[in-house]
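Q: Each chain, letter by letter, is given below.
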Amino acid sequence: MDKFTVHTGNAAPLRASNVDTDQIIPAEYLKRITRHGFEDGLFAAWRKDPSFILNQPTYTNATVLIAGPDFGTGSSREHAVWALMDYGFKVVISSRFADIFRGNSGKQGLLTAVVDQDVVEKLWALVEANPETQVTVDLEKSQITAGDVTAKFEVDSYVRWRLLEGLDDIGLTMRHVDQIAEFEAKRPTFKPVTTA
Amino acid sequence: MGRTLAEKVWDDHVVRRADGEPDLLFIDLHLVHEVTSPQAFDGLRAAGRPVHRTDLTLATEDHNVPTMDILKPIADPISRAQVDALRNNCAEFGVPIFSLGNAEQGIVHVVGPQLGLTQPGMTVVCGDSHTSTHGAFGALAFGIGTSEVEHVLATQTLPLKPFKTMAITVNGALPADVTAKDLILTIIAKIGTGGGQGYVLEYRGDAIKALSMEARMTICNMSIEAGARAGMIAPDETTFEYIKGREHAPKGADWDAAVEYWSTLPSDADARYDAEVIIDATTLSPFVTWGTNPGQGVPLASVVPSPDDFDNESEKAAAAKALEYMGLTAGTPIKDIKVDTVFLGSCTNGRIEDLRAAAAIIKGHKIADGLRMMIVPGSVKVRLAAMSEGLDQIFIDAGAEWREAGCSMCLGMNPDKLVPGERSASTSNRNFEGRQGPGGRTHLVSPQVAAATALRGTLSSPADLEEKVG
Ligand code: SF4
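Sequences listed follow chains A and B, in order.
The numbering used here puts the first residue of the first sequence at 1, with every later residue one more than the last.
The numbering used here puts the first residue of the second sequence at 1, with every later residue one more than the last.
Warning: the hint list may mix true and false statements.
Claimed, not checked - Within a straight-line C-alpha distance of at most 25 Å, the following computed BS3-like cross-link-like pairs (lysine-lysine) qualify: (1) K3/A / K161/B; (2) K209/B / K190/B; (3) K122/A / K316/B; (4) K244/B / K191/A; (5) K190/B / K321/B.
Said to hold, decoys possible - To list a few chain B residues with every Cβ distance to chain A over 12 Å, as calculated: (6) S212; (7) V298; (8) G370.
Said to hold, decoys possible - Listed below are several chain B residues computed to face chain A (Cβ distance under 10 Å; list not exhaustive): (9) L56; (10) A75; (11) D76; (12) A85; (13) V95; (14) S99; (15) H130; (16) I144; (17) A154; (18) G194; (19) Q197.
To be clear, the hints were calculated from the coordinates, so they are not data collected in a lab.
Predicted, not measured: the structure shown is a model, and the values here were computed from it.
Heads up, the beta-carbon is just placed ideally off N, CA and C, and yes, glycines get one too.
Throw the hints in and build the complete structure from the sequences for me.
A: Put into structure tokens, the structure is as follows:
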């Protein structure tokens with residue numbers, strides 16, 4: 001996983017709350033068995049509408065998505081994160097994320113920055129007034145700056161450390177194989193197994 | 001201070017605890033299906049890692065599989081590739097699998113409990129958000145993403161931050177015509193689709209204690225629709241009875257040891273929850289959704305709400321958008337809404353009790369003219385049980401389609417789909433835009449409402465049938 005320290009880029013304002021993962025990437029795109037190439041599925045239904053925000057030339061190269069509350073609800077599909085990242089997004093800003101989505105994002109290196117809704121409103125106003133506005137997300141300082149807006153954001157401290165270090169979870173857990181073996185040795189015999 | 005059920009199960013699975021880090025939890029059962037696993041197996045292969053505990057892992061094919069002509073190759077090449085990938089991965093890594101055509105195949109959340117693999121006090125995960133279903137047994141069960149699937153395959157553990165706990169206390173007895181589905185839809189409408197976020201919900205109280213295991217599974221299944229990752233119900237005699245004698249249930253001395261342990265799991269009297277919601281069961285009635293998220297529901301006997309009925313701007317806007325998508329006008333009586341398709345199935349309501357409840361209402365009647373009704377058992381076992389009771393014939397005689405097991409029309413991933421504008425009454429769990437097929441309009445209902453709706457052609461409860469069919 002690549003390290004994440006500071007990211008600066010254009011931002012797209014997504015004025016919608018409760019954007020569920022079925023909207024982020026519809027089920028029909030989940031049939032692929034590869035891990036990349038999901039950018040065409042991102043917001044597929046909405047992108048058929050020419051007025052949709054990502055269809056506007058000024059926002060097509062956005063790398064920061066500014067979304068309404070409860071982003072990423074619904075199905076646990078990690079494809080939602082892959083689709084956002086394959087499209088080029090590095091950061092999603094919202095006042096509230098669904099748990100599974102936020103967990104999936106942290107594992108892939110997509111930063112989910114939590115700010116108050118009034119900060120979201122300010123950022124929306126800013127990037128709508130001037131789509132060229134550069135939004136800087138500094139993970140070390142947990143701070144977003146754009147135009148005259150400066151705001152702290154929240155991110156889970158452990159995820160933050162992993163993103164800053166670029167560490168993958170499995171490798172970290174593998175450091176503790178002895179403790180796993182110890183735990184396994186003590187499991188009660190009545191626990192079921194799936195093999196005959 | 002006492003501990004809650006969720007805290008006890010958590011504590012018993014901590015492999016490693018260190019300051020400033022998530023707990024490393026051991027996973028007792030890892031269920032796998034074709035949609036969220038191929039990239040995880042790919043990751044293992046790339047890193048040269050084996051599956052650490054094949055004996056705690058089980059795969060089944062459900063999301064993509066057709067529910068007709070199942071012995072022919074899957075027609076859609078992409079669906080077929082995904083199912084083939086699962087079969088190849090399971091063969092390569094030594095993971096047990098129930099493929100299409102196997103007597104144990106079915107929806108992952110129906111298969112685990114029916115085999116007796118889901119037991120109290122376990123940690124159960126699956127790359128599927130409705131893993132919360134298994135919480136009905138007093139297991140801590142939750143959906144995970146594909147990276148976590150890979151993590152569990154490689155290590156049989158997951159690093160996790162503790163959840164908060166929320167008690168959902170349902171006092172009193174449910175009225176006779178109110179089902180578990182009505183109850184959970186009411187709970188979600190009350191706390192909202194984000195209300196459970198960050199929490200493990202524990203359903204408790206007299207109304208919950210009185211429910212069968214299958215009804216408890218319906219409740220826990222939809223915890224995720226309230227934003228919670230997991231829902232749990234304390235194990236009791238009903239739980240033990242259900243598990244006893246099943247293929248993977250503990251036997252002999254193990255059974256006694258297990259029951260002794262399971263009996264220690266219910267929350268202590270002085271346990272503290274981070275939040276509590278109290279519901280009076282006696283006030284409930286059949287409940288359905290009118291909008292495009294599971295929190296947008298109303299009693300069946302009421303009318304389609306207006307955006308003005310909501311206090312905050314974002315809910316008003318969401319309601320207006322939902323009404324437009326659903327093609328509904330505020331103020332229309334819910335019972336006047338005409339449906340095209342009735343879908344009975346899914347991991348929410350595709351078990352034998354659901355089929356029995358619907359069959360009892362349909363028996364001897366015909367479904368409404370021009371309406372399509374699909375009955376899709378949650379597993380091959382459920383299907384065979386229903387057939388041995390003659391339920392299939394009741395449905396077929398009524399004009400319904402009797403299908404093979406799978407997720408079917410719960411999600412638009414296999415051939416069973418709504419066409420744009422088509423309206424369904426569905427016993428599944430999600431009414432999102434396009435969930436049952438692009439442009440499809442979904443009303444979430446109980447099996448009883450599904451059956452009555454199939455007969456009358458408009459959203460109806462069994463009580464509404466008395467005048468019309470008799
Ligand atoms: S029946 Fe529906 S909710 Fe359940 S596992 Fe299948 S697709 Fe998911």
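Q: Hint by hint, note whether the structure agrees.
A: Hint check results:
1. K3/A / K161/B: holds, 22 Å
2. K209/B / K190/B: OK: K209/B and K190/B at ~21 Å, within 25 Å.
3. K122/A / K316/B: holds, 21 Å
4. K244/B / K191/A: Within the cut-off at roughly 14 Å; holds.
5. K190/B / K321/B: Measuring from Cα to Cα gives roughly 20 Å; hence the hint holds.
6. S212: holds, 22 Å
7. V298: holds, 18 Å
8. G370: holds, 27 Å
9. L56: holds, 6 Å
10. A75: This hint is violated: A75/B lies away from chain A, its Cβ roughly 13 Å from the closest one there, beyond 10 Å.
11. D76: holds, 8 Å
12. A85: holds, 5 Å
13. V95: holds, 8 Å
14. S99: This interface hint is violated because 15 Å lies over the 10 Å limit.
15. H130: holds, 9 Å
16. I144: With a minimum Cβ separation of about 7 Å from chain A (threshold 10 Å), the hint on I144/B holds.
17. A154: holds, 5 Å
18. G194: holds, 5 Å
19. Q197: holds, 6 Å
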